[in-house]
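The listed protein sequences correspond, in order, to chains A and B. Numbers 0 to 390, taken from numbering that gives the first Met the number 0, label the letters of the first sequence in order. Numbers 0 to 370, taken from numbering that gives the first Met the number 0, label the letters of the second sequence in order.
Among these hints, one or two may not hold up.
To be verified - Lysine to aspartate or glutamate pairs mimicking DMTMM-like chemistry, simulated, CA-CA at most 25 Å apart:
hint	chain 1	residue 1	chain 2	residue 2
1	A	Lys47	B	Glu250
2	A	Lys271	B	Glu44
3	A	Lys8	B	Glu1
4	B	Lys252	A	Glu45
5	A	Lys315	A	Asp195
To be verified - Partial list, computed: chain A residues near chain B (C-beta under 10 Å):
hint	residue
6	Lys67
7	Gly68
8	Val85
9	Ile97
10	Trp100
11	Val103
12	Val129
13	Phe130
14	Arg131
15	Thr249
16	Arg260
17	Tyr261
It should be emphasised that the hints constitute simulated quantities derived from the structure, not laboratory data. All C-beta atoms, glycine included, are put in the ideal place defined by N, C-alpha and C.
The lines below spell out each chain.
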Amino acid sequence: MRVNLKYRKVAAIGAGMTPFRRRFLETPQELAWEASRKALEEANLELKDIDCVVIGSAPDAFDGVHMKGEYLAHGSGGTGRPVSRVFVGGATGVMTAISAWYHVASGMCKKVLAVAEEKMSPGRPHPQAVFRYIWDPITEKPLNPNLIWIFAMEMHRYMHVNNVSKEEIALVSVKNKRNASVNPYAQLGGEITVDDVLRSEVLVWPVQLLDVSPVSDGAAAMVMVDGDVARRYTDTPVWIEGVGWTLDNTTWPNRELAYPRYLENAARMAYKMAGVERPQKEVDVVEPYDPFDYKELHHLEGLLLARKGEAPALLKEGFFDKDGDIPSSPSGGLLGVGNPIAAAGLMKVISIYWQLKGTADKMQVKRPVHTGVAQAWGDLMQASTVIVMRN
Amino acid sequence: MESVGIVGVGWYGFSPHVHDLSFREMMFEASQRAYYDAGGINPREQVDAFISCQEDFWEGISISDEFAPDPIGGAMRPTMTVAGDGLQGIAHGIMLINSGVADVVAVESHAKPSDILTFSKIMELAMDPTYIRRSVVNYHFIAGLDATKFMSRTGITREDLAEVVVKNRSAGLKTDRAPFSALLDKEDVLSQEVLVHPLTALDIARPVDGAIVVVLASESYARKFNDTPIWINGIGFATDNSNLELASLGEAKYVRISAQNAYSMARLESPLKVSGIFVDDRYSYKELMHLEALGIKEVADKLREGYFHRGSYLPVNPKGGHLAKGFPLEASGLSLLVDAVEFLREGGESAIVASWRGIPTFTGGVVVVRR
Chain A
0 MRVNLKYRKV AAIGAGMTPF RRRFLETPQE LAWEASRKAL EEANLELKDI DCVVIGSAPD
60 AFDGVHMKGE YLAHGSGGTG RPVSRVFVGG ATGVMTAISA WYHVASGMCK KVLAVAEEKM
120 SPGRPHPQAV FRYIWDPITE KPLNPNLIWI FAMEMHRYMH VNNVSKEEIA LVSVKNKRNA
180 SVNPYAQLGG EITVDDVLRS EVLVWPVQLL DVSPVSDGAA AMVMVDGDVA RRYTDTPVWI
240 EGVGWTLDNT TWPNRELAYP RYLENAARMA YKMAGVERPQ KEVDVVEPYD PFDYKELHHL
300 EGLLLARKGE APALLKEGFF DKDGDIPSSP SGGLLGVGNP IAAAGLMKVI SIYWQLKGTA
360 DKMQVKRPVH TGVAQAWGDL MQASTVIVMR N
Chain B
0 MESVGIVGVG WYGFSPHVHD LSFREMMFEA SQRAYYDAGG INPREQVDAF ISCQEDFWEG
60 ISISDEFAPD PIGGAMRPTM TVAGDGLQGI AHGIMLINSG VADVVAVESH AKPSDILTFS
120 KIMELAMDPT YIRRSVVNYH FIAGLDATKF MSRTGITRED LAEVVVKNRS AGLKTDRAPF
180 SALLDKEDVL SQEVLVHPLT ALDIARPVDG AIVVVLASES YARKFNDTPI WINGIGFATD
240 NSNLELASLG EAKYVRISAQ NAYSMARLES PLKVSGIFVD DRYSYKELMH LEALGIKEVA
300 DKLREGYFHR GSYLPVNPKG GHLAKGFPLE ASGLSLLVDA VEFLREGGES AIVASWRGIP
360 TFTGGVVVVR R
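Here chain A stands alone, though its shape is the one from the complex (with noise of 0.2 Å):
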């Protein structure tokens, strides 16, 4: 990979949500419509002022659609416009904001619309029915595996070799439910101890059912625009000033899985090119994809903020917490907020957004925040992507 930094200066100015639900009775077309609405009027633009639009969406059989693109193009103001979708599994997110930055870097638009939708409730009997078609079709389908396996693989993998305990990994889901109480578009925020979470149902040891984030419906919206287009209509952009993805290869079963060393590959590439040469000391707050609550410590450590190991021990003395050194996941993360999956990753960069903008409301961290770092993840546990902002 290069970083030639020839680049053109983006900046968001603005963002939208629906909450995430169980359930919406809306289609996807119309959740997109919403969080585009809400993400063109904190930009005080119009759809007319939009050049590009960018899609992300997870897999298609969640919503049930061929083409799912072309679709949702409609209720993302995709028409008679410039608009492809992008994926990276459950990377999306991010990698939906990373697409929009260099759609406007590249000089090919000036004003892009980034909207990332997923409604999985309508997956039946349940959406993890889906993911059974993500496999290997020859060597892995006949196996019929669950996706919860093998994240239970990997958390007892990243346990053992880390000499982590589950009471360890059981505060991030504290931590996150309760970030997540205060934030309007959570659908599981609340108050929990570690008790309820080793108390909850084991689902795939040791994987329980408070470890894992809920099924939910949503959209999220953001506006980036070139660096000389945000200044005419905002006081406050937040420059997005390092942007990098990896897949590793697809045969996760030969790969250690205690470490994301795709991730790490990821982080260093966004971190060269925003310039950040000490992750844990220029990073004043952080939003790592969570869809267990393991997945937040090794996510920690991929993105450089801890080292090998030593997220649960920062964690238990408070470093990641709301008015700790790194804040992490002050959103509440999938956890708390709930995980439509491409929805969920643009949440993260929405988050971090909002936070540097100084309008996260109940969510702002207690510290002056500069920098901040958001991540999603995705695939066979082979793909990850990151994008630096600042403000």
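Based on these hints, arrange chain B on the given structure of chain A.
For chain B alone, coordinates are given in the frame of chain A:
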């Protein structure tokens, strides 16, 4: 935006049924050929980013991008998927180069429709679930509506459509990528039973298996790999209204918008000023509709005068188009681009490539390329 060079192309397949290779093996073969064509580059070191264009439902795999990195050398590198036609992937590659993230990008797309047992059922799933899905029993019906409106507006006749079929299927005999090429005459086409008015089976291109990889490089890097890069001077892509009931039937608005953007980027005054046009002809009438949307006036008259035939002033689909080659789903745009690259390497000065994603969508892309 700076021009981007095509420094290598590789393809594999173009058979109604590639039975001995999986889609991943086809991707590998195509990428090896593209990297060899680019001067024998090592993708693990010399390609900065990888883009794969594919759709879950065609693959029969949820999250199909999982399988993108390994066969093209993109593992542990910036690799991503654009769920769209290959030309949209090219646009994303150009943006990655122009934003400074990459100097060399590999764009891949593939199709294995021979693995799909229920093609028309999958097409059905692309229709809006609330309003359209249950109303359209045969997706060619939408093309029939579109063709009828186009023909009544422009005065194009059944004979003109037959002429397109004859022209393209015979042009395909000049390449080794065209399994459906044949020497026909107009009567062969007109005597066929109408499948959906006004189209016969010969007016409709068939799906085909294939994989294509295109290697793009920035201006400063292109000549390091290849003495004769093909330059992309302009690119545009657009969507008309994606809801069938609201889209403009009878005209290709998506190509018109795409062409305007591509021409202004390439500073191309008129489509008549290029040496060849490679345009999506998934249905025979679509070739003429897309030519009109590219800004060519009196398309029917020009066709009748032999304007678009191979060896004429402005050959259209001189390598046969989709009617001769078949259409490899998401790789369709790249297949036309590969034709254009070959055409330019054989001596053509410049070309326009225009692609369409196919029924029921209203999305397309246009690329202006020069030698």
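Verification of the hints:
1. A:Lys47 <-> B:Glu250: holds, 22 Å
2. A:Lys271 <-> B:Glu44: Holds: Lys271 of chain A and Glu44 of chain B sit about 18 Å apart, inside 25 Å.
3. A:Lys8 <-> B:Glu1: Measuring from Cα to Cα gives roughly 17 Å; hence the hint holds.
4. B:Lys252 <-> A:Glu45: holds, 22 Å
5. A:Lys315 <-> A:Asp195: holds, 17 Å
6. Lys67: holds, 7 Å
7. Gly68: holds, 5 Å
8. Val85: Holds: closest Cβ of chain B sits about 6 Å from Val85 of chain A, inside 10 Å.
9. Ile97: With a minimum Cβ separation of about 8 Å from chain B (threshold 10 Å), the hint on Ile97 of chain A holds.
10. Trp100: holds, 8 Å
11. Val103: holds, 8 Å
12. Val129: Hint on Val129 of chain A: holds, closest Cβ of chain B at ~5 Å, below 10 Å.
13. Phe130: This interface hint holds because 7 Å falls under the 10 Å limit.
14. Arg131: holds, 8 Å
15. Thr249: holds, 5 Å
16. Arg260: Nearest chain B Cβ about 7 Å off; hint holds.
17. Tyr261: holds, 6 Å
The earlier numbered hints are all upheld by this structure, with none contradicted.
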